[in-house]
Amino acid sequence: MMRDWANWALETARVRGATYADARVMDIRQRDLSTKNGRVGTLAESESLGIGVRVIAAGAWGFAATDQLTREGVQACAARAVSIAKASALTKRGKLVLAPEQTHVDTWQNPFVKDPFRIPLERQLDLLLAADKEMSRVTGVTLTETSMQFRRIEQLFASSIGSVIQQVKMQSGCGIVATSFGEHEIQKRSYPNSFGGQYMLAGYEMVEALDLVGNARRVGEQAVALHKATPCPEGARTIILASDQLGLQIHESIGHPIELDRVLGQEANLAGTSFLTIDQLGKLRYATDMVNVVADARLEHGPGLGTFGYDDEGVPAQCIPIIQNGRFTGYLSNRETAPVIGLDRSGGTMRTESWSRLPIIRMTNVSLLPGTWRYDDLIADTDDAILMETNRSWSIDDKRYQFQFSTEIGWEIRGGRRTRMIKNPSYSGITTEFWNSCDAICSREHWTLWGTPNCGKGQPMQVMGTGHGAAPARFRNIKVGSAFAR
Amino acid sequence: MSAARTARRSRPRHRMKRGPAVAAEHLLSLAELRRIAERIFRFSEADETEVQIDVVSDALTRFANNAIHQNVAEQSVSVSVRTVFDGQTARATTNKTDDESLRRVLAASATLARSQPRIPGLLPMLGAQKYPKVRRFFDATAAATPQDRARMVKRVVSLAEENKLNAAGIYTTGAFRSMLANSRGLCADYEYTRAEFSVTMMGEDSSGWAKANEPDLVKLDPEELASRAAAKAVGTRHPREIEPGRYTVILEPAAVLDLVGFLFYDFSATAVADKRSCLNERMGKPVMGPNIILWDDVGHPLQLGPPYDGEGMPRQKVLLVDRGVPRNLVYSRATARKMKKKPTGHGLSLPNEYGEAPVNLVLEGGTTSLQEMIASTDRGILVTRLWYIREVDPYEKVMTGMTRDGTFLVKHGRVTGGIKNMRFNQGVLELLSNVELLGPAVRGAGEEATEMVVPAMKVRNFHFTEVTKF
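Here the protein sequences come in this chain order: A and B.
Going left to right, the first sequence walks through residues 1 to 486 as this note's numbering numbers them.
Going left to right, the second sequence walks through residues 1001 to 1470 as this note's numbering numbers them.
Hint data in this document are derived by calculation from the structure and do not stem from the laboratory.
In this text the structure is predicted, and so the values were computed from the model without any measurement.
Do not rely on the hints blindly, as some may be mistaken.
[Unchecked claim] Derived coverage of chain A by chain B (criterion: at least 3 residues anywhere in the stretch with Cβ under 8 Å from a Cβ of chain B; other residues may be distant):
(1) 31-39
(2) 47-56
(3) 66-76
(4) 183-196
(5) 267-277
(6) 389-399
Even glycine gets a Cβ: it sits at the ideal position worked out from N, Cα and C.
Bound-form chain B, shown alone (with noise of 0.2 Å):
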């Protein structure tokens, strides 16, 4: 891989600020969303009552062709409203939180309710609980304007002309604040930042691509995603045609999120019990290799997230994976009391079909480097990220897709230049029976599945079918 030229490294200086643009100035507090919920309650004529509250204070500035071509704001409310009516429950949800709004939003809740029959089993609602606690909101990324991040673009769109690329990318900022509450006295909140910065650099016929996001921040930093990007796109110039065929592959992190990302319904009791998870039948059978430690965990310092479920139950740390052995499931309350289990905290907000799912992935990670996996490779292939990545074969799991934005072809333990993006058809559950190599786990920023902790991998026989034009 060649360097690309590096930007100067100036840091910008986070300090709260005030001002139509900046985020937190936007949010509801929490007393606010009290205040929403007891109202609720008051009007409230059914047998149990649940409301969630999502406020949102948001913004992206979208890049391309090295300039800021659409660049906006939003501010909203969600309150949405469960009722139960013997036996009976449906939602309804609203933007508005006048009285009369709430009024409505309750009555389209309750006649949905009463429209079905009753639903044998429904559990009553959750009491209170007891949750631990999570710092995810910090100042810096909720004060954040308009300007600052034009700014940071700025610096990277110089980057990109310094190395005669073509920059394209997004950086977003926004502040987010929860309540879920129910007439049992349940009452759970949850406020979070977020940063995001992703980017592609295109060359004439290359282009490279990074990205990463933080609740703070301060721990982002676009220009060394940026210049990371910059030297992918220089690397594949004047990309090389090979074969279709079987490969040993380095995935980076994003790669390996995209891919195994896709299991995380497969870990749904639900969806055992429905007989549509690859798990079904393999449950306590090895189907991955030994090196293979798959959790969820909310708690994980690299997760995100609130640590409660779609219920209010608090979200517990599975292991679902024990060394290439699928070992546990996760069970909301209702698909805990069918199948005589404990219930995980991984339940959706109800009503639903789905029942739970893993929403925190963490796959252990291990001791190798990127560079160590490529100077261990005779002939393999670099993956810097995949693409429109769909299920083929749901139960041996098959994904198909596509290399993009730096494809590496490696030789003799070296990176020797890009090569045209590929096809594959691979087996996830085969995938990770083929780790060779595990590198430090790390917070994985794609853009299939939701985000994850996971390492690089490098994987044996990985399958690509067919080879693109460019």
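The shape of chain A in the complex, shown without the other chains (with noise of 0.2 Å):
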């Protein structure tokens, strides 16, 4: 039926009047599992049907969607979509030219052992409660909690340039909390990170994989040992960023910045423009030379959020490079965008949330290549700084200039090695002057795919999932402390 249900969407915007047409049918199913002090919290599954149809009409764009698939539900939707592309040719401003794309037709599906929906629910909320179980034996734990979420999207995608391409994506999170308050103080620390834990395009197998047992009761033993802690100092530090961390720094200080919908203006009233524009393409030095970061979102990248066989406008997965031995070398693209900087394709980037919202610009797994050093070795090798681990709390200017993060724990290295726990760690700094103090990058063996799913962006907003493949690195002469200064 997606196919029928696309090819009425299509020939109804040809018949009225639109020059270019895609239709994007999904079909959504995700299960939320969570408990909170030992009972269960979230229990809850959902699904979602419905389909999405982008045209070009009168030379502007329009989008209208619908969860009713009858033939008349999709072809009044298809009506709709043109009639707005009609009313947005009221202000339209020059030619709309997209990027040539081939026909492609194709199916694509990422490769799963265990699918999480056929294991039983049972078996999945007694892994949860142990975990919490673990969590809550610390004492000066108060607060323990634990969730999972699966998500399998099922899409087809066809256009008016012959494309149809099926694609199935079968996503895994899972991450467990524990938090102490004590000492008028709320310290809390994640794994296998904060806001969720780890999110992969993957199945059952990454939740098995994880161990959340195992690690819960450290958990528990660092969120209380915090309390007592050394404060993070203030001043001009080096410090060294764990892979969980880094993901995130890559993610705002370079990720968005490189999208070339915020560069062109398009999201200025919201997420904001960019510092990146494009006359620096080619010529910034982003970083030092070690610094190499590739948005890549195909499936030999890494099962990430940000992989795919195909984007949303038909384009098939590409890597891109990003930075190149430290220098700006890429932006990410879609079919309109790209001839604007000059290129003759798209890059591949246009991703929707759901058949309800239109494809933006958004990104794929944009990551730090490995380094060489080995972690060890590169702990030996630093006599003073302060090791951050897992995001705390994140927020960055709306030209992704100015940054400043905090984690939940720290670590002081001192002499080459590990010595006091630091609470309260945070860093702050200007993107281009960061990347730039980047003296230390990790290697393969250390280097971690992490998974962000909660990236809001676009009007109505739309929350998408990204990839960050990131090892420990080392950034020397950075600001720290100022987040807690007073």
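Starting from two chains that each stand alone, build the complex the way the hints lay out.
This is how it looks when you write it as structure tokens:
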């Protein structure tokens, strides 16, 4: 039926005067489980099926979406998209030119071992409750939380250039959090990452491999120990970022500023613009020589939340070099924006949250490629630094220049050894100055492809998952501690 | 602040229209929602069954670089079912309304419910309730077309061009209808419309912003908002950099909303019980200034939202902070039972681990105008809007974020020009202890918090820690 619905939409759009049309049918199934303090919290499943139709008519864009999947419903939706496009034409400027793209007829599915929707709910809840119980055994832990989320997206893309692409994506995520209130402060530790844990394009095997129960006690103990830890000092220091925190640093200070729609002002009202103006492409010294960053949506990069076969504009997954040996070399683009910077093809980064939303430029897997350092050697080579791990808060200005991050936990590195625990660690800086202070990146064996499931962008707001590969890295002369300075 | 050239004022006339692009044409009626709920109750074998149905017909016209670049519409339905079997409960949701799909969503809910341990103290569903009438559905909003929105955008773009500015923003109109019903006879319904306009005006090295939303499109004035944003963009041209530090600030309502809005969950009784609220061990103590009075009041004329909570309890007006002292929390039915309190009608849809939250905050205002605040300030900063606000310290409620789109230096009682944007690290409780003047409370519209009724504020000792490059 998906094919029929798409065909009805494309045909109606053509008859109504669209010069280009594409349709996305998406069938999204999601399961959410959580526990708190030893009890089941959320226990929910949802399904959502519908179609989104995007057209160019009268030289302007229109989009409409519906879940009324009768022939009449789909045709009315396509007609609405054309009517909206004609209204858009009231203020259009210039000619709308799309970068050429070949016709693709294909299917794609990410590999996974265990379908999480076929794993008995009791087994999933037992695992979460066991991890919850382990954390609660630690004296001083005042709140324990665990969660799992699974999502299966089956989608069909069809366009007026003849492409028909079917894809199935299976996504899994899980995490645990221990919180401790004491001595008039709240401290918490998360595993394997904060804000929901780790998410990948994978099956239930990802959950099993993370060993939530085996890490639960340590998480609880660290949350309690943080109360008596040394406060983060203020001043300029060397810092080492663990790969989980570095993943978010990449997301905020590289991933967002390279979105070409932001650069061109299309997101100015909400998400903002970017300091990376087009004149800097190929010229800006973004980072030190050792820094290489790619936006790679291909499966060979790993099962990240930004991995797919084709984007939501029918363009195959690609690897775009973003920073090569420290120099800025590429943006995230789509068929509309690629020609603006002289590209003859889209970078394939158009993604949509659901059938009801217009695809927009999104990060794929924006990853820092591994360096050469073994982690132990990096620590041994560092005389005086703070190691920061697991994000607690993040904020960056609307051009993506000035940022401030704080992490759940830090460690003092002194004389080549990890020594005291540091609480309330934070650091801040200007994006290009920060990346130009990087002097060591750990090797592939320490590299993790993190999933950020909650990236918000667009109006109406869309939440998208993005991937960020990172290994621990060292940065010199970074301002620390200003978040807690009084 | 320099004055921008204002647009020619010609208000569109609103009348009910028909056609495929009109929101109201696609909304299921309350009678249709009722019939869906009745089919579910008929199919259900659960001890108790609850149905939440939401229908949406929403449209958004988005513009940037003085042209419409995205223009979208959505029609959708959501049917969410909660079943209870012998003290177990869970939720399943679908967007299909045929019999087979409704049976399947019931079965999914039942399977989820039965997979877990019994929930001690799970309360029976509520029976029929009475709710105050609220009128928040307006035909003018429901009848808006893409052409109406595009014509208004064109006028706003003309205003931008007259001021040599670049406009970006949104103009959205939508109609929404909901029903919450259960097998014990509860049936609550709510319908509303929403119109929102947000605009950023950008110059070479400056920007200005304004935003508002109203259930009734007739009360929304995009051209006035555009003029205001243009004046800010013109007034902040060639911004100067000033040293970070502690300053007196005048926060416009959007800035107050986005900062103070982060307090909302701290007033959840569950958050206090979980020891993750900043009010833990602070209830009854003067932690804010004596001029701070905070309510949760869904019935306030400037508030929106249904008059019932996620379980169908009527929402009550609650005095959260009285003259600087946190006095009351909000309670779901289950939390109230556990804490031997009365439920206040702020429960979230079950099952959940968060309990309840006040979502209709009203911060009482004063009588000082923004101009009077500026005139009374020897040296300070006027803030239009804050951005990317995140919690740094949950117990001291220290938030970080940036100023954006209209940050001015005030000297000797006058706005003297724009300054480069700055990062703040500021405790919200400390901020609310340092409020010197309050403006009249208005319905605020920001980007980081849900809408509340808030005043502008003049605050001493606001903590800016760093400055950015623009």
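Tested hints:
no.	hint	in the structure
1	31-39	holds (count 5)
2	47-56	holds (count 4)
3	66-76	holds (count 4)
4	183-196	holds (count 3)
5	267-277	holds (count 6)
6	389-399	holds (count 8)
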